[in-house]
Amino acid sequence: MKERRLGADPFDNVSRSNIRKAAKKRARRALEDAESFALIDAAREDRQLKYMFAMLAGLRREYLVTLTWGDVKLNAPIPFIQLHEEQTKNAHSDVLPLHPRLVTVLKALPEGMPAKRVVDSVPDVKTLVKDLRAAGVAPVDERGRRVDYHALRHTFATNLDRTGSTRATKKALMRHADADVTDGYSHAHLAEMHAAVCRLPDPMIAIVKVESAIKTGTSGEVSGNLRSGSHTGHGSDAHRNTLK
1 MKERRLGADP
11 FDNVSRSNIR
21 KAAKKRARRA
31 LEDAESFALI
41 DAAREDRQLK
51 YMFAMLAGLR
61 REYLVTLTWG
71 DVKLNAPIPF
81 IQLHEEQTKN
91 AHSDVLPLHP
101 RLVTVLKALP
111 EGMPAKRVVD
121 SVPDVKTLVK
131 DLRAAGVAPV
141 DERGRRVDYH
151 ALRHTFATNL
161 DRTGSTRATK
171 KALMRHADAD
181 VTDGYSHAHL
191 AEMHAAVCRL
201 PDPMIAIVKV
211 ESAIKTGTSG
221 EVSGNLRSGS
231 HTGHGSDAHR
241 NTLK
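Taking the numbering used here, the leading residue of the sequence shown gets 1, the next gets one more, and so forth.
These are calculated hints, taken from the structure and not from any lab test. Each hint should be verified, as a subset may be incorrect.
Unchecked claim - Cβ pair distances, simulated, as ranges:
id, residue 1, residue 2, range
1, LEU190, GLY164, 29 to 39 Å
2, GLU62, ARG167, 22 to 32 Å
3, MET113, ARG143, 23 to 33 Å
Unchecked claim - Only pairs whose alpha carbons sit at most 30 Å apart, straight line, appear in this in silico DSSO-like list of lysine-lysine:
id, residue 1, residue 2
4, LYS73, LYS116
5, LYS130, LYS116
6, LYS170, LYS107
7, LYS170, LYS73
Built from N, CA and C at the ideal position, the CB exists for glycine as well.
Work out the full structure: start from the sequences and follow the hints.
Here it is, written out as structure tokens:
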């Protein structure tokens, strides 16, 4: 193999400060469970589903706005959505199992014609920041890491790690096209992927508990438990500290 040498360093004109600025601009962080719960609780109902598609399915915004009811298979033995080749970065048609909470919310909606989009838009930065602040979540933390819509996908990836997903299953669910995991995809069957998704924390659990308690007349007890952080989830203490 013939060795080639560059006449000059192509990065000579790129200053370290510009590299640091670019890295800082892209820095995102995953939400803790309590922060996810608070965001969903604070968001208006029409935005809750849009946030949960990123948190519980890892959908990128450009995929979500093209998703149609014909792509959503709620009555399959394992409910899933169909992602077409043009919607994926790995150039393959993918099936993505749905978290039980997404199934519940989607089934409660009036189902449109197959070609109708499931959502009409994705919240912009200004709207998300408004919802984050209403939830008591800092849009940018002390380390300069921001929470944008793509950070909700980071939350999905982080929770897959926290709940013990295998590397191959995580890569399949994230729909990455890395060459080193192509072989692993064949082992990440839909049932395994579905099991991994079902282990993710339900960001609506606090809302459901309160609604149930109101019906049974025990809302005061549940509200106290939620305020004290007795609901399960990673990072509850961290979020309570944020709210102080």
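* If any of the earlier hints don't hold here, list their numbers in rising order. => Violated: hints 1 and 3.
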